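Enquirer: The hints should help you fit chains B, C and D onto chain A, whose structure is shown.
Residue numbers (the working numbering), protein chains in the order written: chain A, 1 to 289; chain B, 1 to 289; chain C, 1 to 289; chain D, 1 to 289.
The set of hints was computed from the structure by calculation and includes no laboratory data. Incorrect hints may have been included.
Which copy is meant is left open, because identical chains are indistinguishable; a pair holds if it fits in one copy or across any two.
Result set (EDC-like, lysine to aspartate or glutamate): computed pairs, CA atoms no more than 16 Å apart in a straight line [what the hints assert, rightly or not]:
{"id": "1", "residue 1": "K99", "residue 2": "E115"}
{"id": "2", "residue 1": "K257", "residue 2": "D100"}
{"id": "3", "residue 1": "K153", "residue 2": "D183"}
{"id": "4", "residue 1": "K257", "residue 2": "D241"}
{"id": "5", "residue 1": "K205", "residue 2": "D231"}
{"id": "6", "residue 1": "K99", "residue 2": "E112"}
{"id": "7", "residue 1": "K153", "residue 2": "D184"}
Predicted model only: the values in this text are computed from it and were never measured.
Number of protein chains: 4
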Amino acid sequence: MSETTERIVLLLRCTDRPGIVAAVAEFLQRQGANIVHADQHTDRSHGLFLQRVEVEFPDGAPDGYELSEALRPLAERFAMTWSIHSTTRRPRVALLVSKDGHCLTDLLSRVELGELDAEIALVASNHDVLRPYVERADIAFHHLPIDADAGGKPAQEAEMDQLLVDHDVELVVLARYMQILSDDFTRTWAGRVINIHHSFLPAFKGARPYHRAHERGVKIIGATAHYATADLDEGPIIVQDVTPVSHRDEVADLVRKGRDLERTVLASAVRLHLEHRVLAYENRTVVFD
Amino acid sequence: MSETTERIVLLLRCTDRPGIVAAVAEFLQRQGANIVHADQHTDRSHGLFLQRVEVEFPDGAPDGYELSEALRPLAERFAMTWSIHSTTRRPRVALLVSKDGHCLTDLLSRVELGELDAEIALVASNHDVLRPYVERADIAFHHLPIDADAGGKPAQEAEMDQLLVDHDVELVVLARYMQILSDDFTRTWAGRVINIHHSFLPAFKGARPYHRAHERGVKIIGATAHYATADLDEGPIIVQDVTPVSHRDEVADLVRKGRDLERTVLASAVRLHLEHRVLAYENRTVVFD
Amino acid sequence: MSETTERIVLLLRCTDRPGIVAAVAEFLQRQGANIVHADQHTDRSHGLFLQRVEVEFPDGAPDGYELSEALRPLAERFAMTWSIHSTTRRPRVALLVSKDGHCLTDLLSRVELGELDAEIALVASNHDVLRPYVERADIAFHHLPIDADAGGKPAQEAEMDQLLVDHDVELVVLARYMQILSDDFTRTWAGRVINIHHSFLPAFKGARPYHRAHERGVKIIGATAHYATADLDEGPIIVQDVTPVSHRDEVADLVRKGRDLERTVLASAVRLHLEHRVLAYENRTVVFD
Amino acid sequence: MSETTERIVLLLRCTDRPGIVAAVAEFLQRQGANIVHADQHTDRSHGLFLQRVEVEFPDGAPDGYELSEALRPLAERFAMTWSIHSTTRRPRVALLVSKDGHCLTDLLSRVELGELDAEIALVASNHDVLRPYVERADIAFHHLPIDADAGGKPAQEAEMDQLLVDHDVELVVLARYMQILSDDFTRTWAGRVINIHHSFLPAFKGARPYHRAHERGVKIIGATAHYATADLDEGPIIVQDVTPVSHRDEVADLVRKGRDLERTVLASAVRLHLEHRVLAYENRTVVFD
Chain A
1 MSETTERIVL LLRCTDRPGI VAAVAEFLQR QGANIVHADQ HTDRSHGLFL QRVEVEFPDG
61 APDGYELSEA LRPLAERFAM TWSIHSTTRR PRVALLVSKD GHCLTDLLSR VELGELDAEI
121 ALVASNHDVL RPYVERADIA FHHLPIDADA GGKPAQEAEM DQLLVDHDVE LVVLARYMQI
181 LSDDFTRTWA GRVINIHHSF LPAFKGARPY HRAHERGVKI IGATAHYATA DLDEGPIIVQ
241 DVTPVSHRDE VADLVRKGRD LERTVLASAV RLHLEHRVLA YENRTVVFD
Chain B
1 MSETTERIVL LLRCTDRPGI VAAVAEFLQR QGANIVHADQ HTDRSHGLFL QRVEVEFPDG
61 APDGYELSEA LRPLAERFAM TWSIHSTTRR PRVALLVSKD GHCLTDLLSR VELGELDAEI
121 ALVASNHDVL RPYVERADIA FHHLPIDADA GGKPAQEAEM DQLLVDHDVE LVVLARYMQI
181 LSDDFTRTWA GRVINIHHSF LPAFKGARPY HRAHERGVKI IGATAHYATA DLDEGPIIVQ
241 DVTPVSHRDE VADLVRKGRD LERTVLASAV RLHLEHRVLA YENRTVVFD
Chain C
1 MSETTERIVL LLRCTDRPGI VAAVAEFLQR QGANIVHADQ HTDRSHGLFL QRVEVEFPDG
61 APDGYELSEA LRPLAERFAM TWSIHSTTRR PRVALLVSKD GHCLTDLLSR VELGELDAEI
121 ALVASNHDVL RPYVERADIA FHHLPIDADA GGKPAQEAEM DQLLVDHDVE LVVLARYMQI
181 LSDDFTRTWA GRVINIHHSF LPAFKGARPY HRAHERGVKI IGATAHYATA DLDEGPIIVQ
241 DVTPVSHRDE VADLVRKGRD LERTVLASAV RLHLEHRVLA YENRTVVFD
Chain D
1 MSETTERIVL LLRCTDRPGI VAAVAEFLQR QGANIVHADQ HTDRSHGLFL QRVEVEFPDG
61 APDGYELSEA LRPLAERFAM TWSIHSTTRR PRVALLVSKD GHCLTDLLSR VELGELDAEI
121 ALVASNHDVL RPYVERADIA FHHLPIDADA GGKPAQEAEM DQLLVDHDVE LVVLARYMQI
181 LSDDFTRTWA GRVINIHHSF LPAFKGARPY HRAHERGVKI IGATAHYATA DLDEGPIIVQ
241 DVTPVSHRDE VADLVRKGRD LERTVLASAV RLHLEHRVLA YENRTVVFD
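Next up, chain A with everything else stripped away, as it sits in the complex (with noise of 0.2 Å):
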């Protein structure tokens, strides 16, 4: 769902103090630009201002260099961390998977059907088993086995990295992708790598989350999507969902009723980030959905 028209929106962050709202959309006015959607938060605790703000200009967008010209003084006052993007550029996605297919074949389904505005560049694995679903929608697939003759992780990962910037990919989906990515891969990719956790975490993290909530006896599972970090499972929440069950569910149900849950929390992390609805910072996440 393409917009016809091109927006141009703001992401912007700074320490909160009077007059930031005055300021930003004083500059806005200035540069010919009207106001679709705007929204803002102060994190109180953290003393911050985060703002989206979503722009048309009726007698044309300014190209990227310029508008960053004209919003530095602004930025500069404020001494603010701010982005700018353009909805008209379809951001070039790769995704990461194992074996279990169910996220993978939603989100590509998601995106031939318009509802995610993305360009999927390549999907790989450290399993040849998914090739068929995603060469079928003539999408390129790669295999990267870890081989533990050939460097193991580390030259696999290595492998991966280089794959993803040759491809200038600007989004990584972990879509059931069951290996722990390293430090130093997460460390440059900080931001730009969604994962989904089948648990609500923090409840359940680690490996085999629906075996232990079995175990435990709860009334509710869940999912999670996060921004990957070096501390496993601890990166900031994008988005979480629950589904109860019962003690009728034994884990086999759990998986499949879980397995519905991840499809859709995945995809609206991933729908969100593309829409660059979410500023990350001191992990955790401001969704102005």
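Expert: Just chains B, C and D, lined up with the frame of chain A:
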């Protein structure tokens, strides 16, 4: 949970056009106000801009007349519909009930525990059965029976209206008041009467919704809090919530599950209104929560 | 997730009276069957007893004729309506679609991934646009346009009916098929056609539910899977689900959120039907999940 | 909502093996009992069969000794753990509280309105602040302070235990009682103490869950009602529920939203226990709702 510092809430509505956000922000800055929260919404279908701004005045808040006066030029420039509210005032609320006590006791308890920042001016009822729950909380209970020999419903409603006026009531909550209000009454009290309907409107409008839900075999039931209007069950919706049901639930179970929904949905709507978070227009609401 | 051991599911319905549970349990014991799951429900309003029993035969399951014969005396004694199902048979399913592909691709993917234990016999559509998604999964796609010069809708429906018969179809899934089926068709296929409606029925029956939901200003939208009957949108409800919306959601957002509901609600209803967990009667369902 | 006809509830648990359902059904038939509801569950991981049967005796229910005697041969044959309950007895319940009154007033109100079919034998607290809410409902309030000079916590707990025994208390509800109970106490009262924890366990076990949830940046908070055991927050879970939160919610908002969850989750768990719908075993529960 009263605010310790006085805050002023501005609710603004006008035809959408460029420059409003900047003008409001600039106005507030000149008044010496710090924006604590600001939410805005543009309703594209109706071409309207709506805003809620919550501000603090570090040097002391102006009184209401003074702020009104200061706001006038801005309001005239944009042809705004507006209101201003101080968070240190506790709105005076009347509860109307019939025989079901669950919403009544829930609301009374929330006011006593400080969850709802209001003063219960009175409780009135067409029946006398809930008197004990009210009087033991030291609140006046008015029994206003509908007596065919004493003018019937019009006379009773006139008496009720007088009672509300005499007690300077600012918000009327129909906490399961099972009488239809006249067009005159709803017009006089427009935007100041909140009703709870025991279905997820517009499904099962009118009487006996749980029986009809059971008969239809739905798998979800709900409750709806809305402003009362002359068209029964057609007023602007403030809050809705639902809960799953199954074939195991008989009508009595739907009633039981529904009572929990009614309590929390009505209490939420009342809280949002008391905190000046609801803007009603064109038979809909913007809820800045 | 096929069962490795064959299980037999018995669905039973009869007038409620004492002794049924004991009689069924005793019957199964004599047949050498072990009860793996048993669920029953007494509908007091209609005076009916309904039961689902899932059994294993450690010494090998009897064939369908043999079990029918054995069951006959019990069924006659209690005047039961009954059916028997083997979990090792994969029901043959036809999907009917129009132009929206999200439910189609979701169902195809679930069958491929083994989440739904069925065989997709064919996909038929009054439009030709979704053909590629079907054929690349090696499933036959039949374009059955409604052609005014070739008999119009009755002719197209007759062709469709013949197609379903020719392919021994046991379940028809209307995966966003935007044509009203004739009374004849729904009668012929009664209890074997599942439709997805994009509202929480009975709210917003009929066309354009998301537009009407937006106009009404509801705070919750939903989706409903039900058996198709002659009365449009009035058939027995199998599954419903909802999601919160707010003033920030325009019609396009309701459509987007609704698509996620439609996918999961329809897939759940299909799974429950395929696992013989749904008993429909008196325009309602018992769902033994 | 007391039953007008006396019903007897049987809760049964034994090692799973063929023939139990038939044997129970035949036993009840011989006793002249009609089965009104029957639910059973087979826990395959633990090889257990669990059943709840609710029956009516058209010719009058036997007394408890008589039914126990009649049940003995069946129970011995299957080595059952069992209990029998009459729906006409109103269990005697004690509420333990500290300073937060929301669960207390909610439970008191539900008993008064007939939503919970119990007799509140007493309310006890380590603080004196909630006395007025209790005494105005004509219920005894016992202030049991923890006094270092008078034996401290062990002495207070001993006094509390004695109080519960003196008043024939059958169920103890920790309605936000902020004291850890000793191992001895939880062992003595095993299966008869229900606690409400203000998080979706096992997330945020221990103290200050809302603060920690806020710090972690979760998008969902919850509440958990469970039987109290020696291992704090590790007992069998009866009911859980959750609600979405966002970056807009500060700790005070989480507390507010959580209070609504705590009320309804605790009240549900108490109702399920009072209706003999909960079977606890192996640190989990079967809830026949």
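Enquirer: Does each hint hold? Answer for all of them.
Expert: Evaluated hints:
no. : hint        : verdict
1   : K99 / E115  : between (24 Å within a copy, 15 Å between copies)
2   : K257 / D100 : within (14 Å within a copy, 25 Å between copies)
3   : K153 / D183 : within (13 Å within a copy, 48 Å between copies)
4   : K257 / D241 : both (12 Å within a copy, 14 Å between copies)
5   : K205 / D231 : within (11 Å within a copy, 20 Å between copies)
6   : K99 / E112  : between (22 Å within a copy, 14 Å between copies)
7   : K153 / D184 : within (13 Å within a copy, 52 Å between copies)
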